[in-house]
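Q: Spelled out, the chains give:
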Amino acid sequence: MIALLDIGIGNLSSVTSALARAGETVAVVADEGDWSRLMVEEPSISGIILPGVGAFGDAMIQLKTSGLLNVVRGAVTENRPLLGICLGMQLLFAYSEEHGNHVGLGILPGKVVRFTNQVKVPHMGWNDLTVVLSHPLLEGIHKGDFVYFVHSFYVQLAVNSPLLVAAAQYGDTLVPAVVVQNQVYGTQFHPEKSGEVGARILQNFVTISRQWAASQGGVSHG
Amino acid sequence: MLTKRIIPCFDVLDGRVVKHVGFLQNRRDAGDPVALAQQYTRDGADELVLLDISASEQGRLATRRVVEEVAAQVNIPLTVGGGVSTLEDVRSLLLAGADKVSMNTGAVRDPQLIHQAAQRFGDQCVVIAVDAKHNPTMGTYEVMVNGGKVGTGMDVMDWVAKAVNLGAGEVLLTSFNQDGTREGYDCILTQWVANAVSVPVIASGGAGKKEHFVQVLTEGKADAALAASVFHFAETSIPQVKAYLRKRGVPVRWQNQVS
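Residue numbers (the numbering used here), protein chains in the order written: chain A, 1 to 222; chain B, 1 to 259.
Since the hints were derived computationally from the structure, they do not count as laboratory data. The structure presented is a predicted model; accordingly, all values stated were derived computationally and were not measured.
Here are the simulated DSS-like pairs of lysine-lysine, each with C-alpha atoms no more than 30 Å apart in a straight line: (1) B:Lys221 to B:Lys209; (2) A:Lys143 to B:Lys210; (3) A:Lys120 to B:Lys162; (4) B:Lys209 to B:Lys133; (5) B:Lys162 to B:Lys221; (6) A:Lys120 to B:Lys247; (7) B:Lys221 to A:Lys143; (8) B:Lys149 to B:Lys162; (9) B:Lys221 to B:Lys247; (10) A:Lys120 to B:Lys209; (11) B:Lys210 to A:Lys120; (12) A:Lys111 to A:Lys143; (13) B:Lys247 to A:Lys143; (14) B:Lys221 to A:Lys120; (15) B:Lys133 to A:Lys120.
If we strip away everything but chain B, and leave its shape as in the complex, we get:
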């Protein structure tokens, strides 16, 4: 049986891991990316997501080196995103050792990038990352870009459907409203998207305790749950989350008995 995935995510700024509380607020240093990647792999992470939030060219090169080091050290899948806006960006991250590349603002600006990357490198390595902001009056969700700073006026359901049609093999769905709150995932948003598309959906934004993972992987219909600060600052751990999911009947990858 295919298991639900638990995916720790880290933001990398100029080669260091940082965690910001909320999209636009304070950043806190959370350590060395390679050490963290190894720790998570030992803990039973099912994949790793690394987002480059560097603004400068040097910062991006530093992150590229981090991708190479992490890819050489870990034996689980690695998704890398952040600032991907050309086919060459995709290619260079795949060559650095990423298994999948996530695209967000770059794909909104140029949706054909999804198609070109899927044609060239295969659907399985193209992840469409969507930041969704809830409009409580309308009950709808708007696609945000530039790290949540800019609204696009596009509806999340429309954009996700289009991106999957163009060849995205997976959706990384972040609730702008829940991100950084540690008050739980947006299970309604996640369920809407998961029911609407044929590809796997990774839920993101809001994880604060182990119960949240159960909610989003059952009610929320997510295929995977991503979290950052809850693991970085050791509020709960991957083994604890997985043990709890298992107890609640959610299938997860468990102890490997290699002898």
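Excised from the complex, chain A in its bound form:
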């Protein structure tokens, strides 16, 4: 079972449906109390997904007031698989300049910046992936596979950043599309809306999460 963090702005049904199609159940977690109960009642809980559309500043406020910030930090401490999708990925980083300057979760080093006006903003539609590093999250995914993006801000990373696993070219900008550090994963695109390619990536995250749960010993494969 995957925990889906509800920060009150994202459309959770598309991620829930996509995980259901991948054969995985979902528990929606809206605050720290939900998480504590879930840890007792559902020992099969494995990975955590932080989805999200909306604004960076509002999302950080929501993470703090709901206590989900502690849930995310706790997950990182115990090396529990954590996947941020779109805004959820951006929140993992240190800073964002979306409508002012905001401090992010700071789990990953980097800053979220706006596209320049040389391209249409938002970056909306299907773009092809360049796989920079082979990784279990991208098992079965090939260079040139298309995924669906909708975003006006992107994570500014060096081309040789060790976080960068896959990228997409948009105008002059190399957009970090998949970032990974240990068990912290982020996709700038929406795997839940990216056809069979996205379905495979979510399936891979489910597999990674189950393996982690199994490695914790005596935990069933929810």
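Fit chain B to the given chain A structure using the hints.
A: Just chain B now, kept in the frame of chain A:
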């Protein structure tokens, strides 16, 4: 590279897909929305647009159920519109599973709806749908509302600029004159709007053969091309259109090689 999108659209009346020829003329039944959505997804549609044309409350509830079913079944983005006039309409469609909500007459009546929806749910899910009627004497385009029945006296270029300023993340631009004719998109209108705004533009109205898609995505500068009857009645198919676009050097999402 970002690809050009091909977007099949269906009008849903009381839970069934219908296609009307022209804005005000005959309707023909075109089938079950969920089956059609699945078929288009398999065919390589890049997104789906579903417009609710129901007039009754029951019809609208039936459509809401269709949105839920389609959203649960397909793994590509879904835009839903038709009769959206309040923030609550937007919210309820997003909760039903829409990724984007398009607003037309409701936004003309209350432009702040665009701003409120963009603030609350993000620019990326607010689509401004504009029905544009050509005035051949003046060479201008007028914004039409109520499914093309009522002129507003507003110029399309002014309205689109205003809507984008208020926070619309995408423009769905329909040529009232071309819609239902299958004689091709209005490439001039589309190019004017696409050059004027910073957000993506979906061209709509007039698709009749695969050449029309190439025209509007190159000359017309559209980011996406929407079509309904040409796909419903199998005059051409999404794979055929995409193969042709590809041959003509237009970037499109192609075969995914998941192994």
